[in-house]
Structures are given as C-alpha cells and as structure tokens.
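Participant: Make one complex out of these two single chains by using the hints.
Residue numbers (my numbering), protein chains in the order written: chain E, 38 to 323; chain X, 25 to 180.
I should point out that these hints are in silico values taken from the structure, not numbers from a laboratory.
Incorrect hints may appear among the rest.
[What the hints assert, rightly or not] Cβ-Cβ distance ranges computed for the label pairs, FRET-style: (1) X:Pro52 x E:Gly76: 39 to 47 angstroms; (2) X:Ala59 x E:Leu240: 55 to 63 angstroms; (3) X:Pro51 x E:Met206: 18 to 26 angstroms; (4) X:Leu89 x E:Asn127: 48 to 56 angstroms; (5) X:Pro52 x E:Ile222: 33 to 41 angstroms; (6) X:Ile36 x E:Lys130: 26 to 34 angstroms; (7) E:Leu286 x X:Pro52: 42 to 50 angstroms; (8) X:Lys47 x E:Leu46: 47 to 55 angstroms; (9) E:Asp183 x X:Val40: 26 to 34 angstroms; (10) E:Ile222 x X:Ala59: 38 to 46 angstroms.
[Claimed, not checked] Below, computed lysine to aspartate or glutamate pairings styled on DMTMM-like, alpha-carbon distance capped at 25 angstroms: (11) X:Lys105 x X:Glu91; (12) X:Lys47 x E:Asp131; (13) E:Lys136 x X:Glu58; (14) E:Lys100 x X:Glu58; (15) X:Lys146 x X:Asp171; (16) E:Lys130 x X:Asp66; (17) E:Lys214 x E:Glu224; (18) E:Lys113 x X:Glu58; (19) X:Lys47 x E:Glu123; (20) E:Lys100 x E:Glu123; (21) X:Lys63 x E:Asp131; (22) E:Lys130 x X:Glu58; (23) E:Lys216 x E:Asp131; (24) X:Lys84 x X:Asp72; (25) E:Lys113 x X:Asp66; (26) X:Lys139 x X:Asp171; (27) X:Lys146 x X:Glu136; (28) X:Lys47 x E:Glu119.
[Claimed, not checked] Only some residues are given here: those of chain X computed to face chain E with a beta carbon under 7 angstroms: (29) Thr30; (30) Gly33; (31) Phe38; (32) Val42; (33) Cys45; (34) Pro52; (35) Arg60.
From the three backbone atoms N, C-alpha and C, an ideal C-beta is built for every residue, glycine too.
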Amino acid sequence: MAAGEEITLTGHIQHHLTNAKMCTVDGSVAFNKACSEAGFWTWHIDTLAWSIGLGLLFLFLFKRAATKATVGVPGKFQCFIEMVVEFVANNVKDTFHGKSKLIAPLALTIFVWVFLMNLMDLIPVDFLPAFAGYVGEVGFGVDSHDVYMKIVPTTDINMTAALAIGVFMLMIGYSIKIKGVTGFIKELTLHPFSASNGFVQALLVPFNLLLELIALVAKPFSLALRLFGNLYAGELIFILIGAVGLMQLPLHFIWAVFHILVIVLQAFVFMMLTIVYLSMASADNH
Amino acid sequence: MNLNATLLGELIAFAVFVLFCMKFVWPPLIGAIEARQQKIADGLAASDRAEQDLRLVQEKVKQQLAEAKTQASALIDQAKKREQQIIDEASVKAQSEREKILAQAKAEIDAERIKAREELRKQVAVLAVAGAEKILQRSIDAAAHSDILEKLVAEL
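Chain X on its own, in the form it takes in the complex (with noise of 0.2 angstroms):
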C-alpha cells in the first residue's frame, strides 16, 4: 500500500480520457443510436399505417366487387328484358308485315281475277258479236244492235 505520484498520472489519464469519451465517442454513438431507434420506431409505424391502409383499401375493394357485382347482374337482368322485349316487337312487327302482304297479295290477286274476267267477258262478247255476225251474215248492225249485245254482255 505505497500510494506514489503513479496516483496523479492516473488521474490525469483518467480525466483526459473521460473528457476524450464525453467530446468525440459518447455523442456520436448514441446519436447514431438514438436516430436509428427512432428511424426503426418510424418504420414500425410506417408499416402499421400501411397495413391499416391495406386493410381499408381491401374492404373498399370487396364493397366495389360487390356493388360492380350487383350492377352487372342488373344490367344483364334489363338486357334479358330488352332481349325479349326486342323479339316480341320483332315477331308483332314481322306477324303484321305478314298480314299485309298477304293482305296486298290477296287484293292484287282479286284486281287480277277482276281484271282477267272482265277482259274475258269483253272477248266473250266480240266471240258472241262475232259468232253472231258469221251467223246473221248482214242482218245485224253492230251499232244498231250494241244494246242488246251489251246486256248480253252483261248478263255473263
């Protein structure tokens, strides 16, 4: 137990190096400590955030799904009707166009068949003025007589 003026270097060594590690080693470590604490505590929260985000974004997907979903059934529901009511309208349209050419090729065939005859009758009656005549030779006056072969005429 001999203390000795090995005691005052130490001392002096003690306190430069005290005062070394409070001015160029202490600051800077737990700075980098302390910012990377906070960085890694940022991140965490980053990512809680992120997660929550997701979260919400999922249900609003799930909902706009389900809303798309609700749509497109609707759509192909109002497409069925107007499908059918199309056909409808179509096959009414199409049943009434039928009627009417069946109309119009019933009255042209009438028109036809009345035309057809009275031109029949018409040559009929030369026929019969003209069978008359061979028959009557000169007796008969196609003027003076056109009377009676017009209501023969008529009589066919």
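Chain E extracted, bound-state conformation (with noise of 0.2 angstroms):
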C-alpha cells in the first residue's frame, strides 16, 4: 500500500506536470498519450487555449477602455487601466530612447499578457485540472487519469519561449533596420577587440564574431528560461503543497502570498529586458 501511494504521488506530480496534447497520427487526430511518438507537430492544447484566452481577454479589457477612452473625468475601470498603460509608457520613455510605435504596445501587451498567464498559478491546482478530468470522463467516456490540463501557460517552454523568439526576431529586425546590413555585421565582428592593424583585425573577426554571437543568443535564452524557471518551480511547489493534504492549507496561503511577488515581478522582468533589448539593438554606438 505504501509502495502504491508512492506511486500515486509521483504519478499525481508528473500528471500535473504533462500538458494536454494533440497530434495527427495517421491523417486522424488523435491525442495525449497516442502523441509520443509524433515529435515536432504536436500541439499543447491547454498552453495554446489557456494562452489565446487570457491575451484575447487582455485585448478585450484594453479595446473596452480604450474605446470608452474619454479625456474628461475617467471612470474607475478606465482608471485602472490607465495607470497599467501609464506604467508601462514611462518604463519604455525611460528606458527606449529611440522613436518606435512598436516598443510601448509590445511592452503593455508582454506584461499584461505575461502577468495574466502567471496569475493562473494562484489558482488552487488541483481546481481546474479535476475539473478537465470530470468533464472528460463524463463527456467523453476518458479515464480521468488520461485527460492532462496545465493552466499555466508560462510554465510550459514552448510558451516562454515563443516570447522570447518573437523578441529576438525583433532584436534583430531593429539592429539591421537602424544599423543596416553591415552596420550589424560590424557590430559582430568588430568588437569588443579591435585593432588598428588590418591584419591583426581579421584575425580577431572570429573571436569577436563568437563573443558576440554567444551575447545575442543568450538574450532570448535568459528571457525565455528566467520566466519559465521561475514559475515551473512555483508551480511545481504549489503541486507538492496540494499534494500533502489538510497542511496544504496554511502552506499554499503562505507559498501564494509569496508568489504574488514573483508573478507580478516576473512579467516586469520580461517586460523591462524586452525594452533594454530592443533599446541596446537600435542604439547606434558604433
């Protein structure tokens, strides 16, 4: 018995910890377990509906403010969203020197965003994933043990890492489009040694190329592993908590308190590196 429910805690675990999948094998949908072998093309379903859901909700709550928007006395809700909006244009007004009507937009939409999908870490996790469970056995015919849900999208890689690619691409969009070609290329290979000496300069190409590609990438490394590290261990300690019975109460409250921190902070983070990114990409210094 012993043995048995040891089992049935890491089970409990890794069945938290697996995403909602869904694949074609054999020209037919098919999903979660029958995915293993499919590789590449396979789709985490609860990280792309959870994900979609709170952005189409960030939108839908700024669209409302925004088209209510009226410069006279601003009602309460129009308030709060000012004051997130706010926040965000004098983060990018400090930080982002150079003119862009794509910095502030990418910053509100990366943070709110971001935030929205780590708050989903606070609610209990047992709640929906027992949820998905009832409605696939009773809807479905599935052995609950079968039907995976993971509510938050920023513990998956795949999510995390989508913002930073589509942060690096930019990165890279905007060192060409205010560098040029060369420009960019200079800058890879021409620092941080340099030398007077033709010769001695081509031979030191290389190694700044390595230097500086190994700078680059980390970027979108460190920003897509930052946030995902940060709430896959908040998540997966919320997991243990839930599973240690009456206890969970006082300890989750206390873990929650402290997450609080990290889910605001964490979208923060993202959304500030973002900006000193795109602002050290369309810096020209060289």
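Facilitator: Written as structure tokens, this is what we have:
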C-alpha cells in the first residue's frame, strides 16, 4: 500500500506537469499518450487555449477601455487601465530613447499577457485539472487520469520560448533597420576587440564574432528560461503542497503570498528586459 | 523540455496580439491620457492666470477705493467750505437787507412825521386864523393879513 501510494504521488505530480497534447497520427487527430511519437508536430492544446484565451481577455479589457476612453473624468475601470498603460509608457520612455510605435504596445502586451498567464498559478492546482478530468470522464468517456490540463501557460517552455523568439526577431530586425546589414555585421565582428592593424583585426574577427553571437543568443535564452524556470518551480511547489493533505491550506496561502511577488516581478522583468534589449539593438553606438 | 509546434502557435498568437494592441488599443489609450494631461495642464495654467488676474484686480480695486476715499473727503471738505461760505453770504445779505429795511422804515417814519407836522402846522394856522377871526370878527381880512399869518405859521 505504501509503495502504491508512493507511485500515486509521483504519478500525481507527473500528471500535473504534463500538457494536454494533440497531434495527427496516420491522418487522424490523436490526443495525449497517443502523441508520444509525434515529435515536433505536437500541439499543447491547454497551453494554446489558456494563453490565447488570456491574450484575448487582455485585448478585450484594454480595447473596451480604449473605446470608451474620454479626455474628461475617467471612470474607475478606465483609471485602472490607464494606470497600467501609463506605468508601461513611463518605463518605455525612461529606457527606450529612440522613436518607435511598436515598443510601447509590445511592452504592454508582454507585461499584461505574461502577468495574466502567471496569475493562473494562484488558482489552486487541483481545481481546473480535476474539473477537466470530470468533463473528460463524463462528457467524452475518457479515464480522468488520461485527461491532462496545465493551466499556467508560462510553465510551458514553448510559451516562454515563443515570447523570447518574438523579441529576438524584433532585436535582429531593429538592429538591421537602424544600423543596416553592414552595420550589424560590423557590430558583431569588430567588437569588443579591435586593432588599427588590418591583419590583426582580421585575426580578431572570429573571436569577436563568437563572443558577440553568444552574447546575442544568450538574451532570448535568458528571457525564456528565466520566466519558465521561475513559474515552473513555483508551480511545482504548489503541486507538492497540494499533495500533503490538510496541511496544504496554510502552506498554500503562504506560498501564494510569496508567489504574487514572483508573478508580478517576472512579468515586469520580461517587459523591462524586452525594452532594454530592443533599445540596445536600436542604439547606434559604434 | 520538449519544444514542439506549440511554439509556432504561440509565436503567431504573440505577433497578432502585439499588432492588435499596436493598432487598436495603445493609440486611443495613450491619446486619451496625453490629451487629459494637456487639459489638466491648461486648466492649472488658467487657474494660475486667473489667480494672478484676481490679485491684480484686487490691487486695482484697493487703489481705486483709496482714490475714491480721498476724492470723497475732498468733496466733503469743499462742500463744508461752500456751506460756510453760503451761510456767511446769507448772513451778510440778511444784515444788509435788515439795515436797508430799517433805513427805509426810518425814512418813511421821518417823512410821515414831517408830513404830519406840516399838516398840524397848517391846521394850527387855520385854527389860529379861525380863533383870530372869532376874536376880531370883521376887522381882519384874511387876504390882507395873510403875510402876518404866514409868518406866524412859520414860527410854529
């Protein structure tokens, strides 16, 4: 019995950390365990659904405020939305000195979207997966252990990597737009080591290129892994707390209180680093 | 750590969200915020200006009030002076009038008296003649002795 419980606990945790998958096997749609061989063309439908749903919620709320925005006395809802917008606008203004119509909306989208996705972490870990299992069992006749539901999209590396790659593509785009292709290549090859002698300079180019490429690629990696790591760890601890019986109530509360900080902070850090990276990319220093 | 097609889906979703935000959400919101900031700044400036205007007007009012006060007191002084003058003039006039009336009255009284005396004298003369006539009966001729009677009348 003890051994069985051990297995169930591990299984419980494993179950919580597994995404709901969808793929096509032999031309027909398959789910979850049937997708173990599908490789790259697997879709995490829970991550996609929750993230896109939250993204739409963000756009809906802000669009509504934008439609109703008046120059006169704002209502409470408009005030709240404007506070967020102004907070982002101030951060962008302080950090990004170029002129861009994209950076501020990008920063707002990242901040609010990541915040909303992180916020899902505060919903008690068993609520929605259990509900999804119930729906799967009753509605579709599937064993509830075969229904997976990971409700925090930012604990999926695909989500954070997608954000980071998006930012990375913008970094490359801005670099080329501001400095030109040659300017960008020069930046990658002529620094940090430079010499007045042409031959020595040519010898230094590989080192420069190596260093600069690592520095460049490290940025999206750090973006993606920082957010993923923080949220994954937080989620894991919630799952572990959820497995300790009644004692989970005070523990869950304490960890949730700490985690509120992580949720906001990680959203803010992702936004700030995006702004900083893009302002570095568009600064013509060399 | 299994990267899969979810990444592509999220990338597309990310791009769409950012584009939507850039096109439809950010501009009206930041526009409204900036317009309101401008409005508030204008309002504050206007209130500053109004305050300054008020101070200026208050100063002007104070100045005008002081001016009016001095003017009023000057007017009052003038009026008092004029009053005194009118009283003086009136009293002088009244005095002269009184003197004139008195003099006229005196002259009239004198004339009356002279007239009365003349009358009296004439009547005395008549009386004297009548008396003398009675006494002398026929002896005295009024016409022949009128020069004596005239002399008598003049002596009265």
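Participant: Evaluate each hint against the coordinates.
Facilitator: Checked hints:
no.	hint	result
1	X:Pro52 x E:Gly76: 39 to 47 angstroms	44 angstroms, holds
2	X:Ala59 x E:Leu240: 55 to 63 angstroms	58 angstroms, holds
3	X:Pro51 x E:Met206: 18 to 26 angstroms	23 angstroms, holds
4	X:Leu89 x E:Asn127: 48 to 56 angstroms	51 angstroms, holds
5	X:Pro52 x E:Ile222: 33 to 41 angstroms	40 angstroms, holds
6	X:Ile36 x E:Lys130: 26 to 34 angstroms	29 angstroms, holds
7	E:Leu286 x X:Pro52: 42 to 50 angstroms	44 angstroms, holds
8	X:Lys47 x E:Leu46: 47 to 55 angstroms	49 angstroms, holds
9	E:Asp183 x X:Val40: 26 to 34 angstroms	32 angstroms, holds
10	E:Ile222 x X:Ala59: 38 to 46 angstroms	44 angstroms, holds
11	X:Lys105 x X:Glu91	21 angstroms, holds
12	X:Lys47 x E:Asp131	23 angstroms, holds
13	E:Lys136 x X:Glu58	17 angstroms, holds
14	E:Lys100 x X:Glu58	17 angstroms, holds
15	X:Lys146 x X:Asp171	14 angstroms, holds
16	E:Lys130 x X:Asp66	23 angstroms, holds
17	E:Lys214 x E:Glu224	14 angstroms, holds
18	E:Lys113 x X:Glu58	18 angstroms, holds
19	X:Lys47 x E:Glu123	17 angstroms, holds
20	E:Lys100 x E:Glu123	15 angstroms, holds
21	X:Lys63 x E:Asp131	23 angstroms, holds
22	E:Lys130 x X:Glu58	14 angstroms, holds
23	E:Lys216 x E:Asp131	22 angstroms, holds
24	X:Lys84 x X:Asp72	18 angstroms, holds
25	E:Lys113 x X:Asp66	23 angstroms, holds
26	X:Lys139 x X:Asp171	22 angstroms, holds
27	X:Lys146 x X:Glu136	15 angstroms, holds
28	X:Lys47 x E:Glu119	17 angstroms, holds
29	Thr30	4 angstroms, holds
30	Gly33	5 angstroms, holds
31	Phe38	5 angstroms, holds
32	Val42	5 angstroms, holds
33	Cys45	4 angstroms, holds
34	Pro52	4 angstroms, holds
35	Arg60	5 angstroms, holds
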